[in-house]
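Read off the chains here:
Protein chains: 2
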Amino acid sequence: MIKVVLDAFGGDNCPGCNIDGAINALKEKDDLKVILTGDENILNEELKKRGFSSDRLEIVNAPEVISLDESPVSAVRKKKESSLVKGIVMVKEGEADAFVSAGSSGAVLAGGQLLLGRLPGVQRPPLGTLIPTAKGVSFFLDMGANVDAKAEWLLQFAKMGSIYMKNVEGLDNPTVKLVNIGLEDEKGNALTKEVNELLKNDETINYQGYCEAREVPHGTADVIVADAFTGNAMIKMFEGTAGLFLTTMKKAFKDNLISKIGALLVMKSMKKALKPYDVSNYGGAPLLGVKGVMIKCHGNSKEKEIKNSVIQAYVFAKSKTNDIIAKAFEKV
Amino acid sequence: MIKVVLDAFGGDNCPGCNIDGAINALKEKDDLKVILTGDENILNEELKKRGFSSDRLEIVNAPEVISLDESPVSAVRKKKESSLVKGIVMVKEGEADAFVSAGSSGAVLAGGQLLLGRLPGVQRPPLGTLIPTAKGVSFFLDMGANVDAKAEWLLQFAKMGSIYMKNVEGLDNPTVKLVNIGLEDEKGNALTKEVNELLKNDETINYQGYCEAREVPHGTADVIVADAFTGNAMIKMFEGTAGLFLTTMKKAFKDNLISKIGALLVMKSMKKALKPYDVSNYGGAPLLGVKGVMIKCHGNSKEKEIKNSVIQAYVFAKSKTNDIIAKAFEKV
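Residue numbers (our numbering), protein chains in the order written: chain D, 1 to 332; chain E, 1 to 332.
What the hints contain is simulated information worked out from the structure, not anything from laboratory work.
Warning: the hint list may mix true and false statements.
For identical chains, the list gives no copy identity; a pair is met inside one copy or between any two copies.
As the list claims (entries may be wrong) - Below, simulated DSSO-like cross-link-like pairs (lysine-lysine); rule was C-alpha separation at most 30 Å, straight line: (1) LYS187 with LYS80; (2) LYS272 with LYS254; (3) LYS200 with LYS251; (4) LYS29 with LYS304; (5) LYS251 with LYS275; (6) LYS271 with LYS251; (7) LYS79 with LYS187; (8) LYS187 with LYS92; (9) LYS33 with LYS166; (10) LYS187 with LYS150; (11) LYS29 with LYS135.
In this text the structure is predicted, and so the values were computed from the model without any measurement.
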């Protein structure tokens, strides 16, 4: 049985969407147990409303909540009875295999680093994210955990990303590229030039050289590596541009009577074409290199993203990917 | 009379689209003269084909061409008879007011820095670009000239960007934001924290604080400042994501008979809604802070972008924006 703790009081749509996501994940996997952390009275009430009960769904009372405007580090240190801290501590103490939260990014990162700690040999834990591309999905890291990164950290991110894609996503020999402002060897800043050399000389990864940001949405590699500042800016630009396009398309559809009729006719095909780009299909962002499985969902996650993140955490834990990462870094 | 030199042999669609762009720019502005640099036999032939002649269109023979795979610095130094170098030298020697090219970015940047040189007080010339947003257009810089930037350079970029938007685009008191991975003061890397303090303490610019990349397509400020590595990655992510969306939309339209009929009905409204996001409306990327006006167009520019870039160069030169920049930096 794989035990996944879900922070029932993290995210904009908690606890309702979190509970629904947990229930639907349980329906998909028979050897999954979900532990909800949060105010037990509210959670019991909500479960009762849904008429759902299962011996694979447990509630652990954690009445405190960490809000988005709190300092993450002090919140993690002080709020021992929060749904977030209590969940992470269960992983730390071996009472659960994985932790999932749509709560404060800062608190999830701080909790992972302070409470779980790093796997031996890991210098910094990167936050990865699965981004939908024209060819499927790429694993992009680091997208927010370590600004002012050092070259060796990025080499480690490439290794951990490759292991993740192989073991959690089931890819054979995943390709790796490094984000740069051009493809020629002499292009780039001091960091990318140094990382490029390290990646070239590492035989454990399938390094394919530089890529430009433009190629990322087209699925240029399975693992895309960047420092957290660049990575965060790129992922947010991806989200911002996609959002702008959807708004513009909707505006065009509503423009006049003819466009409204056209929109009705094209809608089914449009939904089908856009479906692979729905990020909620792919779960959340794993924090790699910590002693435990941690998945951070978008703050605005609904039932589907929560469900997929719980299943992602389940696969991550079941595949013992962290043991494989630990073994790979042991040799370094 | 404002004299703009156009590199007739730069870009994927040269010289045809370049000549057409020049002719159409001349039709829009009566006090504009365009000087085409390139192989005079070919250019005369092409003009003859178009049956166009004007005393405001001059040809200067420059039979060499700088290709994309040449080392920019050595090409600029050696190929004195190239359409690119000859054009820039005309600006340097006061025979023309501005230079426009869709040729090699590296050669344009190298030419601007090596041949024209920096305005007094300017530490590094940034490459800016006008990006279409939900609210109109933002001026984004640096998008490729200076990686491993220093904080003072970014302060200068903010100043030059503000002066450009005021004098070339006619904006009153343009707002400035700095790209960061979060909005709180403690967020960011070492560079952004340092730049943030410099920007806050500069009274000549209308600084509005940090922005996240996600907000840029929505038009969060008139001037957006970033180091060239982040900026280049963001702009290319914007282009890559926009390209992916257009491809996906076209795929949906062609999906089946019903969607094809729907597409026909919605097409006019869609084109209208997408029109403001056509980058060719806004001309090219100005290299600021050099002794002369330089505009770099996209390599794949067609007639419209060339025409708009020539007009942009004309306005840039006519507004004497470089004199204003020089004056602002004199005091520093």
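Going through the hints against the structure:
Taking the shortest alpha-carbon separations for LYS187 and LYS80, only the inter-copy value of 25 Å comes in at or below 30 Å, while the best intra-copy value is 48 Å. When the C-alpha separation of LYS272 and LYS254 is checked against a cutoff of 30 Å, the pair qualifies both within a copy, at 20 Å, and between copies, at 12 Å. In this homomeric assembly, LYS200 and LYS251 never come within 30 Å of each other (Cα to Cα): the closest approach is 47 Å inside a single copy and 37 Å across copies. For the homomeric pair LYS29 and LYS304, the shortest alpha-carbon distance inside one copy (15 Å) is at most 30 Å, but the shortest distance between copies (57 Å) is not.
With identical chains, the CA atoms of LYS251 and LYS275 are at most 30 Å apart both within one copy (20 Å) and between copies (13 Å). With identical chains, the CA atoms of LYS271 and LYS251 are at most 30 Å apart both within one copy (16 Å) and between copies (11 Å). Proximity of LYS79 and LYS187 under a CA criterion of 30 Å is satisfied inter-copy only: 22 Å between copies versus 47 Å inside one chain copy. In the homo-oligomer, the alpha carbons of LYS187 and LYS92 lie at most 30 Å apart only across protomers (28 Å), although the nearest pairing inside one protomer, at 43 Å, exceeds that limit.
Proximity of LYS33 to LYS166 under the C-alpha cut-off of 30 Å is restricted to the intra-copy arrangement: shortest distance 24 Å within a copy versus 61 Å between copies. Taking the closest pair of Cα atoms, LYS187 and LYS150 come within 30 Å of each other both inside a single copy (18 Å) and across two copies (18 Å). Taking the shortest Cα distances, LYS29 and LYS135 sit within 30 Å of each other inside one copy (27 Å), while across copies they are farther apart (47 Å).
Hint check: a violation occurs at hint 3 only; the rest are consistent with the structure.
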